[in-house]
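Go ahead and model the full structure; you've got the sequences and the hints to work with.
The residues making up each chain are set out below.
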Amino acid sequence: MRFLLNLLLLLVVALAVGFGLSWYAVTDGRLVGAAQIGPWTAWPRAGSPDPDPYTRAYLARSGALQLGQGEGIRFVATADSDGVPLDRNCRYRIDGSTPTATFWTLVPTAPDGATIARPDGPPGFNSRRIARANDGSVQLYVSKTLAPLNWLEITGSGAFWLVLDLYDTTLFSGVGSSDASLPSIIREAC
Amino acid sequence: MVRTLLYMFGGLLLGLAIHLVVILLLPGLASNTVGVQLAAVGQVNKVVTLDPVAPGGPNPLRLDPELAYAVCRLDLSKGPGELTGTLPLSYWSVSVYDRAGTVLYSTTNRDGIGQTLDLGVFDAAQTRLLAEQKIDVDAGLLIVETRTDDIFVVVKLEPSQPATRDRYAAQLGRLACRPLKT
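Sequences listed follow chains A and B, in order. Take the first sequence: its letters are residues 1 to 190, numbered as in our numbering. Take the second sequence: its letters are residues 1 to 182, numbered as in our numbering.
A few of these clues could be false.
[Unchecked claim] Output of the computed footprint for chain B on chain A, the stretches with three or more beta carbons under 8 Å from beta carbons of chain B:
(1) 37–43
(2) 58–71
(3) 98–109
(4) 123–130
(5) 139–147
(6) 157–171
[To be verified] Negatives, chain A to chain B, calculated, CB over 12 Å:
(7) Phe19
(8) Leu21
(9) Asp28
(10) Ala79
(11) Arg91
(12) Asp120
(13) Ala133
(14) Ile186
Source of the hints: derived by calculation from the structure; they are not laboratory data. For each residue, glycine too, the CB sits at the ideal point set by N, CA and C.
Below is the structure:
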C-alpha cells in the first residue's frame, strides 16, 4: 500500500512539474527565452532563423506571424507597471520613451488578439501620428472615458493586452543604442 | 520518510523529462501554426492581400492593424521562385517563413532596397547550382536560401495615412509571385 502511495506521489509530482513547467515556458517564459523590460515582454529569438527549442514551442503555441529580426520586435504587456492585470474599465497612462525605431505602433487587444479600440476610430497609436513632449517622450492614454493628450478610446469589458511593435529597431540587435527603456504603464482610475 | 522524499525526487526528475519531451514535441503537434494559417489563404505563385484586421474581429495571426499585408506562397520543389514589383515610398518589409512560422529571412526597405522589391528564393540545392553558375539570374536579385520547399513570403507595408490604405493594398496585390525564369 505504501509503495502504491509513493508511486502515486511520484506520478503527481512528475505530471505537475512536467506540464506546469511547460505551460510556464510557453506563456510567461522569462527564465527560458522571453525578455522582460518593466511590464513589457518580448521573445527576442522569435524572429530568428534558428530559434531555441523554447522559442520554437512558443511560436507553435501562439500561431502569431512574428516579426523577423531584420524587421523589428514585438512587446506585449498584460499587466501595468505594478503587476496588476490590465482591465478595460480602468484608465491607463503609458508614459516614457521608446527605443530607437523607424516607427512603432501600440495596439490594445483582447487576449485572443481582437482589437478593442472604438470601431470607427484608429485601432491603436502610431508613433508618426502622436503628440510628444520636447524630450521626445510620449504620454498616451487608453481608456473608455475621455482623457487628455493622446487618447485611444477602447470598448468592452474584461482583461486586455497592450501590443507594442517596434519596426526597424536596433534593440536586441547588438548594434546602435543599447537603451532598452520602454514606457511605464500607470493605472490612473477605475 | 526518506523513501517518500526519494520518490518525490524521482517525480521531479521524471517531470523534467516530461517537460523536455513536451517542449520538443509541441512544434510538431501544433495544429494552428503560422504555416497552416497562411496555407489556408495563400495560393502557390499568387499574391494574396490579407484582409484588414476588422475592429473586434478575429485576428489569429496577430497582425498589426496599422499595416497592410500580402502573402506569396512558393513551391521550390519545381524550381526557384521570385517576388518582384514596385512598392510605394513608405516603410515596407519582406520576410520569408517556413511552415512552422520560423522567419528564415527578413529585411526592410531601409536597407537600401528603395521602392523595388526583387527577391529570389532558392532551396539549398538550387543555391548550390547558383554558386556553380548553372542558374542564371538577373543582377541585383536579392537571393534568399531556404531549408524547405514550401515557403511563404510576406510583405508588410505601412500606409502613410489611413486614407491611403486601399491604394497601398492594391499596389501590394500587383506584386508578381512566380517561378523564377532561369
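Evaluated hints:
no.: 1; hint: 37–43; result: violated (count 0)
no.: 2; hint: 58–71; result: holds (count 13)
no.: 3; hint: 98–109; result: holds (count 5)
no.: 4; hint: 123–130; result: holds (count 3)
no.: 5; hint: 139–147; result: violated (count 0)
no.: 6; hint: 157–171; result: holds (count 4)
no.: 7; hint: Phe19; result: violated, 7 Å
no.: 8; hint: Leu21; result: violated, 4 Å
no.: 9; hint: Asp28; result: holds, 14 Å
no.: 10; hint: Ala79; result: holds, 19 Å
no.: 11; hint: Arg91; result: holds, 20 Å
no.: 12; hint: Asp120; result: violated, 8 Å
no.: 13; hint: Ala133; result: holds, 22 Å
no.: 14; hint: Ile186; result: holds, 24 Å
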